[in-house]
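Chemist: Using the sequences and the hints, build the whole thing.
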Amino acid sequence: MGGNGKHRWIFSFYQRSNASSSPKQSKTLPPHEFLCPISGSLMFDPVVIPSGQSFDRISIQVCRDVGFTPTLQDGSTPDFSTIIPNLAIKTTILAWCRDHHAQDPAPPDYSSVEEIVLSKIQEQTSSRLTSGPDIRVSERELLKAVAENPPVLFSHAATEISPSVNSRLLCSTSTSSSSDESVIVTASSPYTPLPLATRPACFSASGSSSSSTEITLSETPNLKSQSSSSLEEQELVLKLKSSDIFEQETGLVLLRKITRTKEEARVSLCSPRLLSALRSLITSRYSVVQTNAIASLVNLSLGESNKVVIVRSGFVPLLIDALKAGSSEAQEHAAGALFSLALEEENKMGIGVLGALQPLLHALRSESERTQHDSALALYHLSLIQSNRVKLVKLGAVLTLLSMVKSGDSASRVLLVLCNLAACPEGKSAMLDANAVAILVGMLRESELVCKATRENCVAALFALSHGSMRFKGLAKEARAVEVLREVEERGSERAKDKAKRILQIMRDRKADEDDEIDWEAALESGGLSRTRYRAGKDDLAANSSDF
Numbered sequence: 001m002g003g004n005g006k007h008r009w010i011f012s013f014y015q016r017s018n019a020s021s022s023p024k025q026s027k028t029l030p031p032h033e034f035l036c037p038i039s040g041s042l043m044f045d046p047v048v049i050p051s052g053q054s055f056d057r058i059s060i061q062v063c064r065d066v067g068f069t070p071t072l073q074d075g076s077t078p079d080f081s082t083i084i085p086n087l088a089i090k091t092t093i094l095a096w097c098r099d100h101h102a103q104d105p106a107p108p109d110y111s112s113v114e115e116i117v118l119s120k121i122q123e124q125t126s127s128r129l130t131s132g133p134d135i136r137v138s139e140r141e142l143l144k145a146v147a148e149n150p151p152v153l154f155s156h157a158a159t160e161i162s163p164s165v166n167s168r169l170l171c172s173t174s175t176s177s178s179s180d181e182s183v184i185v186t187a188s189s190p191y192t193p194l195p196l197a198t199r200p201a202c203f204s205a206s207g208s209s210s211s212s213t214e215i216t217l218s219e220t221p222n223l224k225s226q227s228s229s230s231l232e233e234q235e236l237v238l239k240l241k242s243s244d245i246f247e248q249e250t251g252l253v254l255l256r257k258i259t260r261t262k263e264e265a266r267v268s269l270c271s272p273r274l275l276s277a278l279r280s281l282i283t284s285r286y287s288v289v290q291t292n293a294i295a296s297l298v299n300l301s302l303g304e305s306n307k308v309v310i311v312r313s314g315f316v317p318l319l320i321d322a323l324k325a326g327s328s329e330a331q332e333h334a335a336g337a338l339f340s341l342a343l344e345e346e347n348k349m350g351i352g353v354l355g356a357l358q359p360l361l362h363a364l365r366s367e368s369e370r371t372q373h374d375s376a377l378a379l380y381h382l383s384l385i386q387s388n389r390v391k392l393v394k395l396g397a398v399l400t401l402l403s404m405v406k407s408g409d410s411a412s413r414v415l416l417v418l419c420n421l422a423a424c425p426e427g428k429s430a431m432l433d434a435n436a437v438a439i440l441v442g443m444l445r446e447s448e449l450v451c452k453a454t455r456e457n458c459v460a461a462l463f464a465l466s467h468g469s470m471r472f473k474g475l476a477k478e479a480r481a482v483e484v485l486r487e488v489e490e491r492g493s494e495r496a497k498d499k500a501k502r503i504l505q506i507m508r509d510r511k512a513d514e515d516d517e518i519d520w521e522a523a524l525e526s527g528g529l530s531r532t533r534y535r536a537g538k539d540d541l542a543a544n545s546s547d548f
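At position 350 of the sequence shown (counting the first as 1) the number is 350 in UniProt numbering, and the numbers step up by one without a gap.
Worth flagging that the hints you see were computed from the coordinates, not collected in a lab.
Small disclaimer: the values here were computed from a predicted structure and weren't measured.
A hint or two may mislead.
Label pairs and their in silico Cβ distance ranges [claimed, not checked]:
1. I245 / E345: 20 to 26 Å
2. D79 / R285: 18 to 24 Å
3. I121 / Q358: 57 to 63 Å
4. T82 / E345: 20 to 26 Å
5. R285 / T28: 48 to 54 Å
6. Q122 / S327: 44 to 50 Å
7. I245 / P107: 50 to 56 Å
8. D79 / P425: 34 to 40 Å
9. M470 / K406: 56 to 62 Å
10. G67 / R285: 32 to 38 Å
11. D99 / S242: 52 to 58 Å
When the alpha-carbon atoms are kept at most 27 Å apart in a straight line, the in silico DSS-like pairs for lysine-lysine are as follows [said to hold, decoys possible]:
12. K391 / K452
13. K391 / K90
14. K473 / K497
15. K452 / K324
16. K406 / K262
17. K324 / K394
18. K262 / K120
19. K241 / K262
20. K473 / K452
21. K501 / K473
22. K90 / K394
23. K452 / K406
24. K90 / K120
25. K452 / K477
26. K406 / K477
27. K262 / K324
28. K473 / K406
29. K394 / K406
30. K477 / K497
31. K241 / K324
32. K501 / K477
33. K452 / K497
34. K406 / K391
35. K394 / K497
Note that CB positions come from ideal geometry on N, CA and C, so glycine has one too.
Modeler: What follows is the structure, given as structure tokens:
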């Protein structure tokens, strides 16, 4: 909606800029996420709202002044009550402009933005008058998306309602299996590992909070007999919005049961009305209600097309609050929901900006194994992007994570996050300063006491640290890493062998480079260089090496 205006702006902007710019100026269109959804222009002062979406500050100011809430292209309506400066995307926009020889975004003119907003008001008004009363535009888009992209079939069950011995055994097996936590380094990204686990641990967890209110579909013949998802949704919304707490519990347990195994129900029930009702229950002071509400959200988040919708509906701040102060079971589901939502690439920056990183770090030390598991994997997926890596380094995550590795607390999962941090300059420097090489080598030296996944992830972290760092070889030499890596190369798993072999090759190549350097002492003795010049050159080399 309003898309034509945006495309016209992009065309006219580049038409004007290309006409007056040098021939070297890039004609590449900016990425969609750099454009303000309202004005359609490159954001000059980007801010983020609770749903994780970014807008230009002037656009929000104009909308507030005229009392207008726009309907975006995905059918959502943004909440402008709270805005936070999005410095990460602002820096990224400026970097993109430099790399593509484009002009930095100029401060928008208030009157120009006001004209755009007024035109959008007219467009939305006319659209409401001409659209049919039986189906909304957002529903049309949703139905079209479902038709084009059928839901993914999951081989596992989502959060269950009643206790089950088999499900508990399955969960304990899946969370301890090395295959879930081992790392694979792809050819396109040789430093970043990828865990095989892609589902929250609470998916197969039993919920004690719901045992007292468990119901079955046979007890609700009205819902069972209705084939229309809209009637099913309406019945659930009525229960969720009821002032009676028991009705709320009944509706939530039923929602969990429907979305536990029915993939199509996850998409059809993830509507603005139901999400609005669910959002209010996540903040309930009744622990049973809050826990079941978050568990229902976990089930809905299994739908790939639902992940972005849920984040843009403002659930992330509520999940953060539950992770901080909710009951133990509510924290398990909140960590699982954040993990599930973080799997979507488009959500990663928004979740980080909204402040989820610090609570997830704290949750790594939770008494619940499931909370630890899902918090670690949520941090892993969030740290796949540079902006969140830098935030984690500034939060002091390196020292926290390394201390957990030394103590053996969730070491294999924590190492996944450290591998991502080691792939960026800030994280690599912080890890080298924190004696990470000696800690990781020490873990490998005690190979009999650690599991296969931990050994593989230790080698992967060392492999990430070895690239582009002049300091690594010296620290590895002090830690006597060569003998340990040679042992891994001989006796380790195939993944560990490959990484160990490549690390040793890097260290040998650097040794050869050092052997080929000029013999400065011989040059001095021959009179080729003065002592002053030698000292200056040596100081320069030391200064340059410290930069690494």
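Chemist: Take the C-beta atom of Q122 and the C-beta atom of S327, compute their distance, and say whether it sits inside 44 to 50 Å.
Modeler: holds (49 Å)
Chemist: Could you tell me whether the CB distance from I121 to Q358 stays inside 57 to 63 Å?
Modeler: violated (39 Å)
Chemist: Does the Cβ pair D99, S242 satisfy 52 to 58 Å?
Modeler: holds (55 Å)
Chemist: Are the Cα atoms of K452 and K324 separated by 27 Å or less?
Modeler: With a Cα-Cα distance of about 32 Å, the restraint between K452 and K324 is violated, given a limit of 27 Å.
Chemist: For the pair supplied as a hint, K391 and K90, confirm whether the alpha-carbon distance does not exceed 27 Å.
Modeler: Holds, because 15 Å separates the two Cα atoms, which is no more than 27 Å.
Chemist: Does the structure keep K473 and K452 at a Cα separation of 27 Å or less?
Modeler: Since the Cα atoms of K473 and K452 sit roughly 25 Å apart, the hinted pair holds (cutoff 27 Å).
Chemist: Taken at face value, is the distance from the CA of K262 to the CA of K241 at most 27 Å?
Modeler: Distance of about 23 Å is within 27 Å: holds.
Chemist: Hinted pair, alpha-carbon criterion (27 Å max): K452, K497. Please report holds or violated.
Modeler: holds (12 Å)
Chemist: Quickly compare the C-alpha distance for K90 and K394 to 27 Å and report which way the hint goes.
Modeler: Roughly 18 Å between the alpha carbons, so the hint for K90 and K394 holds.
Chemist: Confirm or reject the claim that I245 and P107 have a C-beta distance inside 50 to 56 Å.
Modeler: holds (51 Å)
Chemist: Do the alpha carbons of K501 and K477 lie within 27 Å of each other, as the hint requires?
Modeler: Since the Cα atoms of K501 and K477 sit roughly 16 Å apart, the hinted pair holds (cutoff 27 Å).
Chemist: For the pair supplied as a hint, K90 and K120, confirm whether the alpha-carbon distance does not exceed 27 Å.
Modeler: The hint holds at about 25 Å.
In this structure, the earlier hints numbered 1, 3, 9, 12, 15, 16, 18, 27, 35 are contradicted, and the remaining ones agree with it.
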